[in-house]
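The listed protein sequences derive, respectively, from chains D and B. For the record, in the first sequence the residue sitting at position 209 is 209 according to our numbering, with numbers rising by one throughout. For the record, in the second sequence the residue sitting at position 83 is 83 according to our numbering, with numbers rising by one throughout.
No lab work stands behind these hints: they were computed from the structure. The structure displayed is predicted, hence computed values, not measured ones. There may be inaccurate statements among the hints.
Unchecked claim - With the Cβ distance kept under 10 Å, some of the chain D side facing chain B (calculated, not the full set):
hint, residue
1, 46
2, 76
3, 298
C-beta: ideal position from N, C-alpha, C; glycine also.
Listed below are the residues making up each chain.
Number of protein chains: 2
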Amino acid sequence: MSVTAPAGFEAAGVAAGLKSTGKPDVAVVVNRGPRKVGAAVFTGNRAKANPIIWSQQAVADRVVEAVVLNSGGANCFTGSFGFQTTHQTAEKAAELLGVSAGDVLICSTGLIGTGDETFRARVLAGTEQAIAELSADGGDDAAHAIMTTDTVAKTAVISRDGWTIGGMAKGAGMLAPGLATMLVVITTDAVLEPLQADEALRRATGKTFDRLDSDGCMSTNDQVTLLANGASEVAPDLDDFAAALRELCQELAVKLQGDAEGASHDITIEVRQAVSEQDAVEVGRSVARNNLFKAAIFGNDPNWGRVLAAIGTTNAQFDPYDVDVWMNGVRVCTEGGPDRPREEVDLTPRATHVVIDLKSGEAAATVLTNDLTHDYVHENSAYAS
Amino acid sequence: MSVTAPAGFEAAGVAAGLKSTGKPDVAVVVNRGPRKVGAAVFTGNRAKANPIIWSQQAVADRVVEAVVLNSGGANCFTGSFGFQTTHQTAEKAAELLGVSAGDVLICSTGLIGTGDETFRARVLAGTEQAIAELSADGGDDAAHAIMTTDTVAKTAVISRDGWTIGGMAKGAGMLAPGLATMLVVITTDAVLEPLQADEALRRATGKTFDRLDSDGCMSTNDQVTLLANGASEVAPDLDDFAAALRELCQELAVKLQGDAEGASHDITIEVRQAVSEQDAVEVGRSVARNNLFKAAIFGNDPNWGRVLAAIGTTNAQFDPYDVDVWMNGVRVCTEGGPDRPREEVDLTPRATHVVIDLKSGEAAATVLTNDLTHDYVHENSAYAS
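Starting from the given sequences, assemble the full structure and let the hints guide the process.
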């Protein structure tokens, strides 16, 4: 059910010819009210696609009526023509929905530099078609229409006492944090004030999507949007809502990790006993971004030396010669030297668990990543063709 | 001739059984004087191998008699036993050469965590054998003995008015800057004061090895050492010497790039019109470390969008929507949009030239890197086995 699981939302996904495969490529999600609360977080990349530039302005008043999303073209670095395409898409949707264009967010994903007149015509036609097909059962169709190299549609639903959160996500590469790291739309029928929606979204994404770092490459098009309409007439405690939202975001983040391009291992890097949470994240991310470590995991090689070499490049507070490293439950390194024989570590399962104990403080954090594989190289060397 | 090209140096390389292949794995370079000036730069990684910890202390007085190098084991994270191995190696060399152990530098390269009693016994025996075989023609043997996954020995010689600089380098992976990025020994018979040697070495490495970033992974064992003995009795102007040293370091850096593990392209990233040289390096390095860009180049795909996405993550001063990008002479992006068709770009040659014009200032810098290939993944997923 995805984004249409909560009451008062409609969605659709249609094929508009943007993808050469003919698969669905334009999605629309509409909030039917009564409230039209919206919040969004965006890529931290300074190179922002036109839809990001548009949506950052449109969400500023925290009123969002609808989100139009397309795959098959990022509309990034397409100049003023590309920005006009985004603007016209919002105006088209607004006209058909009877709302203000300034309350329509736009998200695009696909190849950078793609956005010619054909692209524009197809996005506009697709938007019209999707709006004509809007339905309270359209969540799954929408989730399929935003897929690029994703192999499965990614959705999640959480229900609590009288209110529900639904979400859909796309993302299989260029996954690295910077406020947001992919296209995600989350809907809820909980009653939320605009500032509450914003706070809950930032709290949730900061601990979930921001800690997914599949390949260290930050996208130009990332956007995570939360729409809240209060249709349930239940106003949850903000902490309760934020906790449920974080749970949903984490579920989607794990699904993104599990579908990362070419990956053969989903690696959970758990950093313990750091002086600060920031230190723990920095240490975890340094390992997540180390190609030699990632290639070793692909080869089922518990090469803990590469973990130590990676964390030694950080500014985090710890003694590099008093760190414990576990791989899938086996302590392979302790006190600056080898511990258990590497032969004891079984890295054949897809789920890989690395624990790094810094023995320096009481903070902890977990970063999710993937291994570096032949298939990752293959998929990303042939993307444009 | 490598390190024995300048007058007054002897070297040797022998097989001590550290490599399972039986190839040479221990090298010694000795300065026969009259001066015994030494300078060295080391990895910026906080996780330092035992030879680094030893050599940093040994070079502090700027007197160096000899360097002992081994491949086949990094002696990193091998605890106090590993440090004793380094210490004993220096003492063994010092005893045989009739010098102080505190004037002998040690360099090791190979797998982290390797350094047991067998390793120690073989390093000590190899050191003894190499010293017995020292000769003024031994430079090439030494250059071969420090190879790991290198496919060719890397040496360079530059001669000026009466004085010569010779060098050898090893490095084929884990190449990322941090003062130094590999094992390099450079010798000269020029007359240099200790502080001059130090300054010239830092100036040269800062513009050469520090701007080689093959895979973003900083080693635990990197060391670049300069030995100067004044045997030519010529004292060059410091700027002249520094320029020649930089030329030699650049030649070795290019050879390292050309032999990087699994690479199929040598990529020169030239950043122009930056506000500062620091900005230019940051921008160049962001591209050099972007796996999606590197995979695209492997696929001969001029995916300039990935260049823009990479540089957008930096803090350098420039307008992301007013940047020109050239690939192998074709301007593919200008003023925030596409320029010439990507079909015009021929990326089939190994040498790849990317120019990024930030249009913001007068500074420039060039960063060297490689593409991300199947073979890189293969070599680095099977390294420990």
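Status of each hint after checking the structure:
Taken as an interface hint, residue 46 of chain D checks out: its beta carbon lies about 4 Å from the nearest beta carbon of chain B, inside 10 Å. Because the smallest distance between the Cβ of residue 76 of chain D and any Cβ of chain B comes to about 7 Å, under 10 Å, the interface hint for this residue holds. Restraint check, residue 298 of chain D versus chain B: the minimum CB separation of about 5 Å is within 10 Å; hint holds.
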